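There are 4 protein chains.
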Amino acid sequence: MIRFNNDYNHGAHPAILEALTKTNNESYGGYGLDFWCEKASNEIKKYLDCPQAAIHFLLGGTQVNYTVIAAALRPFHSVICADTGHINVHETGAVENTGHKIQALPSTDGKITAAQIKEEAQLYASCEIKEHFTKPKMVYVSFPTEYGTIYSKQELEEIHKVCQEYGLYLFIDGARMGYGLAATANDISLKDVARLCDVFSIGGTKCGALFGEAVVITNPYLQEDFRSYMKQNGAMLAKGWLLGIQFATLFQDGLYFQITQKAVEYAMQMKQAFYENGIPSYIDSPTNQQFVILSTKQYEYLSNKYIFEFDRKIDEDHVSVRFCTSWSTKPEEVDALINDIKNNL
Amino acid sequence: MIRFNNDYNHGAHPAILEALTKTNNESYGGYGLDFWCEKASNEIKKYLDCPQAAIHFLLGGTQVNYTVIAAALRPFHSVICADTGHINVHETGAVENTGHKIQALPSTDGKITAAQIKEEAQLYASCEIKEHFTKPKMVYVSFPTEYGTIYSKQELEEIHKVCQEYGLYLFIDGARMGYGLAATANDISLKDVARLCDVFSIGGTKCGALFGEAVVITNPYLQEDFRSYMKQNGAMLAKGWLLGIQFATLFQDGLYFQITQKAVEYAMQMKQAFYENGIPSYIDSPTNQQFVILSTKQYEYLSNKYIFEFDRKIDEDHVSVRFCTSWSTKPEEVDALINDIKNNL
Amino acid sequence: MIRFNNDYNHGAHPAILEALTKTNNESYGGYGLDFWCEKASNEIKKYLDCPQAAIHFLLGGTQVNYTVIAAALRPFHSVICADTGHINVHETGAVENTGHKIQALPSTDGKITAAQIKEEAQLYASCEIKEHFTKPKMVYVSFPTEYGTIYSKQELEEIHKVCQEYGLYLFIDGARMGYGLAATANDISLKDVARLCDVFSIGGTKCGALFGEAVVITNPYLQEDFRSYMKQNGAMLAKGWLLGIQFATLFQDGLYFQITQKAVEYAMQMKQAFYENGIPSYIDSPTNQQFVILSTKQYEYLSNKYIFEFDRKIDEDHVSVRFCTSWSTKPEEVDALINDIKNNL
Amino acid sequence: MIRFNNDYNHGAHPAILEALTKTNNESYGGYGLDFWCEKASNEIKKYLDCPQAAIHFLLGGTQVNYTVIAAALRPFHSVICADTGHINVHETGAVENTGHKIQALPSTDGKITAAQIKEEAQLYASCEIKEHFTKPKMVYVSFPTEYGTIYSKQELEEIHKVCQEYGLYLFIDGARMGYGLAATANDISLKDVARLCDVFSIGGTKCGALFGEAVVITNPYLQEDFRSYMKQNGAMLAKGWLLGIQFATLFQDGLYFQITQKAVEYAMQMKQAFYENGIPSYIDSPTNQQFVILSTKQYEYLSNKYIFEFDRKIDEDHVSVRFCTSWSTKPEEVDALINDIKNNL
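Residue numbers (the working numbering), protein chains in the order written: chain A, 253 to 597; chain B, 253 to 597; chain C, 253 to 597; chain D, 253 to 597.
Any given hint could be a false lead.
[What the hints assert, rightly or not] Taking lysine to any residue pairs in the SDA-like style, the calculated list, with each CA pair at most 20 Å apart, reads: (1) D:565 / D:361; (2) D:565 / B:381; (3) D:565 / B:380; (4) A:557 / B:281; (5) A:523 / A:557; (6) D:594 / D:570; (7) D:274 / C:405; (8) C:297 / C:565; (9) A:523 / A:444; (10) C:582 / D:281; (11) C:405 / C:509; (12) C:549 / C:513; (13) B:298 / B:287; (14) B:582 / B:563; (15) A:382 / D:285; (16) A:274 / B:580; (17) B:274 / A:255; (18) D:382 / B:257; (19) B:594 / B:545; (20) D:557 / D:521; (21) C:274 / D:270; (22) D:557 / C:405; (23) D:514 / D:255; (24) C:382 / A:287; (25) D:297 / D:510; (26) A:582 / B:281; (27) A:557 / B:278; (28) A:382 / D:475; (29) B:582 / B:561; (30) C:565 / A:255; (31) D:594 / D:361; (32) A:274 / A:287; (33) A:274 / B:255.
The hints are simulated quantities; they were obtained by calculation from the structure and are not laboratory data. As the structure is a prediction and not an experimental result, all values here were calculated from the model.
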């Protein structure tokens, strides 16, 4: 069986295991205050144009999201996001568990617009008696989204502008950042991301690391005491250098960008094959996640050879499914799938 | 500089990196529902005599502690522990952050007694109007403690008995479990631990793993929905098999016990050297952490060659410090220290 | 200016102030363990046919809602309600502040259906890997709703049935209970309410009391330790008898039902006048809250003589507004309004 | 039976019920934005010399304490208090329920010293790696304390100075403020209280009101958004003017000070009688709470005629008990007790 079910079904890029093995006899101080975390931070900063950024290394995506939100918000603050947002649907209420309301806005492609955010912020701003309502104080967007779509630079600029106008923090969940940056249609760089938001993450788990996510805090106000929030939320690895080594390896020669770009190329080949063979997309995604609509027969045929994810039922005879490529996808795996699409569906 | 500062200053036992490397081309389902987690669970169970135990693999010690406590307690429940307990002093209020009061009992050696627990539980039980007070519902002890001391089987039996009598869960934090079991004076086995408490952890981070802690839940009531609590608290690793592989490697041939025993032997050699050279213990510890009282001059001399931890000031001319051995300690490192103790202090 | 802005703009029914004055020289034990709370509880129970119910007296509606929810749910549980539900929009995220997600379902008239609830519960039940999602465990409905509408007995029976099927608690927020029971179209009694849900409130604040809400817990499992949750959440009045006296006064001779019925009669007169003069309802409400659509001119005219609540803009020239009657509404106030509707709009 | 069990065993001072009755036909806007709350605020401010103070009216003491603390602190902040402090022992972990650790300092008379606070703050300030610890950010003291004792002006000045030095908020719980100010030994005025702390409460429940506590926030930073925290924590009374009327009545002609002074005079008479008849104090209190040590025989004798509170067992034949006077104590009640002390013990 070939796995296209997600982008975290293999260990790590070999360079990472090599780096871990190579340094295994070295000893380091704990909790992220070590040579490697500093080096990784510096390597990432080369892509940012934001020397004052504070970069921390956490263990997983859910942890990143609720720790950042808990650190940034006061108890009566809420966070705006798409109703499809990861924090709203896939994290067991972790954000609410920290005490904060999520104001979910309707979305069909995983994205929300500056206009939607403005309406929500305006509603609160225009209340005469505000104290009956939570105050929207943060906007959470994912780049790319849970449906593989990406924001254009103009869209992010507009969202940024609304956030500035209404005093909202902008938090970009970049669990799959590499795959978004690698999209042909993408016109955003990490520099733009750093410039337009207050805090964002760069996912390692889904982009070649064993585990780990970098959190980049550009807003100085949010930098304060962040390590205390990390520790309190179980997000400070005792052997912090293990994360530093991984991110240093991924960023020092651009490996992060190379392996995610390759994955997107594979995804585009796959997308093209589906398209050419009349299999419609459920959502038009330019990144490593492809949502297509299969007939029951097609679904059953492919299920015998590939592991992929059921998304939803479309009608009696059709389902939407997700095929994922990743840094660990091999060309022969993609070729096998394309061959099956062409010849056997 | 030679590091005796803690037991998590090196990566992992080589066997673990080998196992990770060997399986790196394999692909697995996520979130701990994989072959390796099951295997690791089974390997651990061989030492337990508790087939109904549920075993989960989490990422770090603070996370284990607050997740277990959040999962077990209702909002008005409190947890009893030694005032020196890790949850009370070193975890940034993570337990209170989940809403629960810690009832800290005075302790001089890191341990609390059944009598102390009984008194606390009795106080609540005897209240006529209970609703003004939190209800003690869990007892947290560490084995070994933060001072390297261990509970005897009789002590744990007595604590267990009080817990049964007053409906308290007993939670044993085994972040350093291996070092406690390896102590010459120890008369407890993992079987005893599993029999006497409701939930306990087996630390990997400090005992040879890159990272990771096993949580063993023996009380069926506490097993329910534990995975939901893990996910909500950021304690469910996407690539869960990375933890399974590590614990399978540590437990399948008893590696865990061998490497921690070696560390305790080194600590005993060190302890003996201090003793023979008239350097008093601050606390008499039979495990890998040794607390000794150094004069300022001795402290300065050793600080030039070794990294170890300041504990507290004793008087104008003396301090208490901690020397730690671990699975990664090398015999030549111990020899160097012993030589310095003998000849240069 | 005549106030139709809400149902809590006057102190209390005179009988309540008399009762408080009459007992003012008496002394009582604290925290709700007194003669009056017991008497009030017994008077309420006469209407319930539920001898095992536990009845507590709290101070306000928001407090009731979050205390009941915090007491009933575990951290990964969520509560289902209408998107218009008071807990979702008017309580400053108090429920999320206790750590729980609200799953808001779309509603146009303030009500949700058994089918909607079933779909939500079914979604969770059918998940293969549940731990990524909060578990719906409670349904919150208001009777009457925030739009003055009421559930029929059949609707509540169906909701009850779904709740039983999926193990959901049913919580009925009766902040305006009296006005719902008094509706001509209503076919529900307090007996039905007690039979069909696990916990409900009977509002005093909006129904003749100075302040205070009765919480009736019919599900024995939810009764346990409720007083501890009250105290922890600031919901236990030191001089608890003040609440007992108020509820005993309201319920001992059916005063509660008489004064709320009168208010609904006034509301129906008002509704009829609007209708006869071509002023449409925004929502068809059979209770004391009337939502009508006024032209800008009508709005301005009435604003000079009456205080009432802006609800929302309908179009350039129309707004929806709320007129509320209450136990304190005087016939001459209603007459004045009706006269203006007939002759001056 | 005569009640000396506490200071909240009667309804309210008659002037308060009169004021409520007199205004009962008036109508007001809700949530504390009314004429009476403003008037009450102004009356209180006449005693403060702090025109910028923000004054809010909440419903009860526990609610005040956790709402103030939740509003002031960030998740990793802790609050320092005496181990006997009300928030530490009598509020069902309400503070921890908001996520904050209480750092309880040893106390024998209910008070803590500036030196103790400094030591605690210094400990954190001197940590090299702070993120493992909660940061003390607030000091909570009660005036008078739970044992009836009071801080001198010099003691409060010293505490204030330490708080300023270490950036700690000072919060004074004045649930019994009137009784403290009325003590002969007291050298503090409300002006001093307002000057020396960041936020304090003035209790109504125990000092003549039906219910209600004024919260005076002098630190502008803590004033921000406080009403949002009130609403979120169920601490905003819908009919807010009920609290305004009560506090306006208590403060407009100094009634608050007169009735609490009378209660302290009664307590001093009682104290004198105990003293003259050889019955020792458990703690020397200058306020309305008197703790004395009774023999079992004395305890039994008095228990037949008076209701008072058991404090603790002293030895086989002695117990410490609390006698409380209050605004509602009658001279004949005190005379009866004094007579019994003199003649029948």
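So, going through the hints one by one against the coordinates:
1. D:565 / D:361: holds, 17 Å
2. D:565 / B:381: It holds: about 18 Å lies between the C-alpha atoms, which stays within 20 Å.
3. D:565 / B:380: holds, 15 Å
4. A:557 / B:281: It holds: about 16 Å lies between the C-alpha atoms, which stays within 20 Å.
5. A:523 / A:557: Holds: residue 523 of chain A and residue 557 of chain A sit about 18 Å apart, inside 20 Å.
6. D:594 / D:570: holds, 19 Å
7. D:274 / C:405: Not satisfied, since the Cα-Cα distance of roughly 42 Å exceeds 20 Å.
8. C:297 / C:565: violated, 43 Å
9. A:523 / A:444: violated, 28 Å
10. C:582 / D:281: holds, 18 Å
11. C:405 / C:509: holds, 19 Å
12. C:549 / C:513: With a Cα-Cα distance of about 32 Å, the restraint between residue 549 of chain C and residue 513 of chain C is violated, given a limit of 20 Å.
13. B:298 / B:287: Distance of about 17 Å is within 20 Å: holds.
14. B:582 / B:563: violated, 24 Å
15. A:382 / D:285: Within the cut-off at roughly 13 Å; holds.
16. A:274 / B:580: holds, 15 Å
17. B:274 / A:255: This hinted pair holds, its Cα atoms lying about 19 Å apart.
18. D:382 / B:257: Roughly 18 Å separates the two Cα atoms, so the pair holds.
19. B:594 / B:545: holds, 15 Å
20. D:557 / D:521: This hinted pair holds, its Cα atoms lying about 18 Å apart.
21. C:274 / D:270: It holds: about 12 Å lies between the C-alpha atoms, which stays within 20 Å.
22. D:557 / C:405: violated, 54 Å
23. D:514 / D:255: The hint holds at about 17 Å.
24. C:382 / A:287: Violated, at about 40 Å.
25. D:297 / D:510: Measuring from Cα to Cα gives roughly 18 Å; hence the hint holds.
26. A:582 / B:281: At roughly 18 Å apart (the allowed maximum being 20 Å), residue 281 of chain B and residue 582 of chain A satisfy the hint.
27. A:557 / B:278: holds, 16 Å
28. A:382 / D:475: With a Cα-Cα distance of about 15 Å, the restraint between residue 382 of chain A and residue 475 of chain D holds, given a limit of 20 Å.
29. B:582 / B:561: holds, 19 Å
30. C:565 / A:255: violated, 53 Å
31. D:594 / D:361: violated, 27 Å
32. A:274 / A:287: Given pair residue 274 of chain A, residue 287 of chain A holds - Cα atoms ~15 Å apart, limit 20 Å.
33. A:274 / B:255: holds, 19 Å
Hint violations for this structure: numbers 7, 8, 9, 12, 14, 22, 24, 30 and 31, all remaining hints satisfied.
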